[in-house]
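With these hints in hand, go ahead and build the complete structure from the sequences.
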Amino acid sequence: MAHGARAVDDPYEFGMTHLAQHMHEATAQGPPRIEIHLYGELRSLVPGSRPDEDTVMWVAHVMNETFEQLTSRMGLTPEQLGDCFIDGTLAKKSDIVPSGARVALFPYNMVLLCGGQHLKGHGYTRGELDVDYY
Amino acid sequence: MSKVLRVNMTDLTFKWEKLKPEQEHLAGRAFTSHIVSTEVDPMCHPLRERNKFVVSPGLLAGTYAPSSGRVSVGAKSPLTSGIKEANAGGLTGTRLARIGVRGLILEGAPPAASKDWYTLLVGKDKCEIVKKNEYAGLGTYDLIARIWKEYPSKPGIIGCGLAGQRLQKAAGVFGNNVENTDAGRYAGRGGLGAVLGSKHVVAIVSDDTGGAVPAAKENDRFDAARKTFVKSLDAHPITGKLKDDKGKPFGALKNYGTNVLQNILNEAGGLPTRAFHEGRFEGAAKISGEAVHELVDRTRAKHGDKAQGTYGHACHPGCVMACSNAVPYEDTGKLQVSPLEYETVWALGTNLGISVLKDVAELNRLCNDLGVDTIETGNTLAMLMEAGMIKFGDGPAAIAALKEAYNPKSYLGRLVCSGASTTGHALGVTRIPVVKGQSLPAYDPRPIRGIGVTYATNPMGADHTSGYTIAAEILGIKGKVTDPRDLKKADLSRAFQSTTAYLDSSGYCLFVAFCVLDDDAGFKAMTDTVDSFLGKKIDVTEYGTAVLKAERGFNQRAGFTERDDRLPEFFRTEKLPPHNVTFDVTDADIDAVFKGF
Chain A
1 MAHGARAVDD PYEFGMTHLA QHMHEATAQG PPRIEIHLYG ELRSLVPGSR PDEDTVMWVA
61 HVMNETFEQL TSRMGLTPEQ LGDCFIDGTL AKKSDIVPSG ARVALFPYNM VLLCGGQHLK
121 GHGYTRGELD VDYY
Chain B
135 MSKVLRVNMT DLTFKWEKLK PEQEHLAGRA FTSHIVSTEV DPMCHPLRER NKFVVSPGLL
195 AGTYAPSSGR VSVGAKSPLT SGIKEANAGG LTGTRLARIG VRGLILEGAP PAASKDWYTL
255 LVGKDKCEIV KKNEYAGLGT YDLIARIWKE YPSKPGIIGC GLAGQRLQKA AGVFGNNVEN
315 TDAGRYAGRG GLGAVLGSKH VVAIVSDDTG GAVPAAKEND RFDAARKTFV KSLDAHPITG
375 KLKDDKGKPF GALKNYGTNV LQNILNEAGG LPTRAFHEGR FEGAAKISGE AVHELVDRTR
435 AKHGDKAQGT YGHACHPGCV MACSNAVPYE DTGKLQVSPL EYETVWALGT NLGISVLKDV
495 AELNRLCNDL GVDTIETGNT LAMLMEAGMI KFGDGPAAIA ALKEAYNPKS YLGRLVCSGA
555 STTGHALGVT RIPVVKGQSL PAYDPRPIRG IGVTYATNPM GADHTSGYTI AAEILGIKGK
615 VTDPRDLKKA DLSRAFQSTT AYLDSSGYCL FVAFCVLDDD AGFKAMTDTV DSFLGKKIDV
675 TEYGTAVLKA ERGFNQRAGF TERDDRLPEF FRTEKLPPHN VTFDVTDADI DAVFKGF
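Those protein sequence lines, which keep their order, are chains A and B. The opening residue of the first sequence carries number 1 in this note's numbering; numbering runs sequentially from there. The opening residue of the second sequence carries number 135 in this note's numbering; numbering runs sequentially from there.
Note that these hints are calculated values from the structure, not bench results.
Below, a sample of chain A positions facing chain B; criterion: calculated Cβ distance under 8 Å:
no.	residue
1	Glu41
2	Phe85
3	Ala104
Pulled from the structure, derived: some chain B residues nowhere near chain A, Cβ distances all over 10 Å:
no.	residue
4	Trp150
5	Glu158
6	Met177
7	Arg184
8	Tyr198
9	Glu241
10	Ser248
11	Glu284
12	Asp354
13	Met523
14	Phe704
15	Lys729
Derived coverage of chain A by chain B (criterion: at least 3 residues anywhere in the stretch with Cβ under 8 Å from a Cβ of chain B; other residues may be distant):
no.	region
16	33–40
17	44–54
All C-beta atoms in this analysis are idealised placements derived from N, C-alpha and C, irrespective of residue type, glycine included.
As structure tokens, then:
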């Protein structure tokens, strides 16, 4: 296995006690997994990782698991997370993570930069605000 | 009292003018575009005597408002043949503002046969036009060092390098950084360095000795607003302090710079890779903001006090966000280049398939020294790769090609400073990523279509900063723009272009937006600083729209039509992996952005 990579096929390793069943889908290549790319301080989940290399963790896929459940299984809270992606699309808490997905997890202080939209109406990162011009 | 310095380079004279009543609230981009649109013949040749080169500090430059020291330059662009404004940090915005210079207008030009080169020295109530032939032909690192040696008041400097002096279309306007160790504060885009070169001006040196901090009309309100704004910026996880209370990295910009985006855009599948062939780069992590942060820490540990690398570096006096950096050579710890920011790493790294950080930084250093825009030059080198003259990923070959530019007799050297459009056409490339002659920057318009609409329609040619829709699209403002692949982008793009024009005029860095977006108090504080400085309420959208109308009007008189508001064909026909989508916003939707303007 490459430096900066870690495979975890046991979903319970991340404290997934609330999900009673880890529904592995048996395949000829082994149990289906999710490829998780970690950035910033989240790289520490993979011992020996470096910030100038890809830090990848493979975890077992759980059928119908949401993004929120996946990150909870990894021991992460929403406050620790910034912009995250499932197969290149921004991840929402309720999104189901498909088998074989590429998931990218960025910490709270790594988000897309922007400029100008605040002048047109808030509600972009503050979900509790109900003002939106779009 | 602000005033305007008008310099005639035909007869080497100058005069001071009062601001006209209609110019009182104009600064930065609003001022440069006002002058260009009202005083320059849209049909003139951009590199001859009838074009004008305009400099204007942002409205709040020189004040104690945080991160407000940007300076704008403007002219008719030799790259696009339309109107152009570009802005940067550095010292010049602050220096000019503190001696009351709202605008500097360079007009005319020495006779074509003239071999003489000049430097403008601008001080409080004084200007000198000094013949300085010994400055011509120098690399910018040597040039700024010589100027500070001759003028120990630590002046601001903007100017043109070798490429600008040779009237080449990729030439940017350099600026010295706060420490004067690098001329990397570039108003890079649009070939404006060549316009300065056409005036035979190598450098504009600004000395604020005897000057004063500009006073707001409503000083108490201004002071309260700026203090609130500083607090707001400091507390935000993007614009905020370097470390949190536990000593861990906190503010993204201070720690990773704008290049925090490298990994994020890569994961979003919108990172243009190898001349816009792919949306993900396997080498992104090696040249990311995190990699630079780690390199700086490593060289500090290795070289101690001799290490010159840093992050959390301010690009101009009073910038509290400090997204700039200084990248060291690993073996010595000495400065290689400052800054190395996202668009540049993309243009000279990802876009060329180069994942060796040292090579990317060296290409950046060469661009700074030669006086060329990194985005335009990266895309130009990509044309050499697309044509098979250099292999994608070959950093040493790209460096060698760029070094050819030091040889005035080298055809290749001339080509690499001529922009992607000229070079692509010369080499028979059919995938040339330009709009209105200017290269696309670091966001692929196929999976992120709103930015594609901005590239197509904004008056400056392909320019992300003219209406930066990226975060709104990918992260999803509630409602209609939650999907970056959604096709209705006209309202989004127009709104962003208008408000960005306001910011470009205020002197504020575009990145203040991130904080005030999340913080109502910060937002109000930001607009309060502008309103209290002027002593009048400014409507943000009206102000920005007026700027855009002036710019669009100039372009229309220069012969631009809706047909110029289009992306190159290959974006519509070639699918970009991993999302495997094309840019399929209709022409009607694109034209809706400025319908009725």
